[in-house]
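Make the full structure from the sequences, and use the hints.
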Amino acid sequence: MFFLPVALVTAGASALLNFWLGLRVSRLRISEKILVGDGGNLRLIARMRAQLNFAEYAPLVLILIVLVELARGTQTWLWGVAFVFIIGRVLHAFGMDGWRLGRMIGIAATMLTMLGLAAYAVYLGYTGLNPLR
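So for the sequence shown, our numbering puts the first residue at 26; every next one is plus one.
What the hints contain is simulated information worked out from the structure, not anything from laboratory work.
Some hints here could point you the wrong way.
Pairwise CB distance ranges, derived in the manner of DEER restraints [as the list claims (entries may be wrong)]:
| no. | residue 1 | residue 2 | range |
| --- | --- | --- | --- |
| 1 | F27 | K58 | 44 to 50 Å |
| 2 | R97 | R52 | 38 to 44 Å |
| 3 | L60 | P84 | 24 to 30 Å |
| 4 | M26 | L126 | 40 to 46 Å |
| 5 | E57 | A143 | 34 to 40 Å |
| 6 | L67 | W45 | 19 to 25 Å |
| 7 | N43 | T152 | 31 to 37 Å |
| 8 | L41 | L149 | 26 to 32 Å |
| 9 | L77 | F27 | 29 to 35 Å |
| 10 | R68 | I112 | 22 to 28 Å |
| 11 | L60 | L126 | 30 to 36 Å |
Each residue gets a CB set at the ideal place from its N, CA and C atoms; glycine is no exception.
Here it is, written out as structure tokens:
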């Protein structure tokens, strides 16, 4: 049996973060009495985009964390990468509410995390499966 603590904690944190993002949308819908769609409400549109943006990036990052952890085991730096990703997504959510710096830091953290994990995964796959090595 495999035990992947970084992936497990990151998936749990991601689920909690997605719940929080959805709750923010729901609370705004209720307060603005917008049950379907966005009603042209810019604040609601921004919060809906923040949640969808999370849903667009989180699965890829989680898959990469799982695969890297399976390939190389649990390592301290992978905990750091996962932490940066989660904090970046929280900052992005606040940034979508108008805090521009939070949005910039959040998306930069997300992109760098995803690109770094992707590059490392390609490296591991190539060097681990290369029959010429």
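Outcome of the hint check:
Restraint check, F27 to K58: a C-beta distance of roughly 48 Å satisfies the suggested window 44 to 50 Å. Against the hinted window of 38 to 44 Å, the Cβ-Cβ separation of R97 and R52 comes to about 41 Å, which satisfies the hint. For the pair L60 and P84, the supplied restraint of 24 to 30 Å holds, since their beta-carbon distance comes to about 28 Å. At roughly 43 Å, the beta carbons of M26 and L126 sit within the given window of 40 to 46 Å.
Between E57 and A143, the C-beta spacing of about 39 Å keeps the proposed range 34 to 40 Å intact. For L67 paired with W45, a C-beta distance near 21 Å keeps the hint of 19 to 25 Å intact. The hint said 31 to 37 Å for the Cβ distance between N43 and T152, and at roughly 34 Å that hint holds. Here the CB-CB span from L41 to L149 is close to 29 Å, well matched to the stated 26 to 32 Å.
Under the hint 29 to 35 Å, the C-beta atoms of L77 and F27, about 31 Å apart, fit the expected range. About 23 Å separates the C-beta atoms of R68 and I112, a value consistent with the hinted range of 22 to 28 Å. Judged by the Cβ atoms, the range 30 to 36 Å given for L60 and L126 holds: they are separated by roughly 33 Å.
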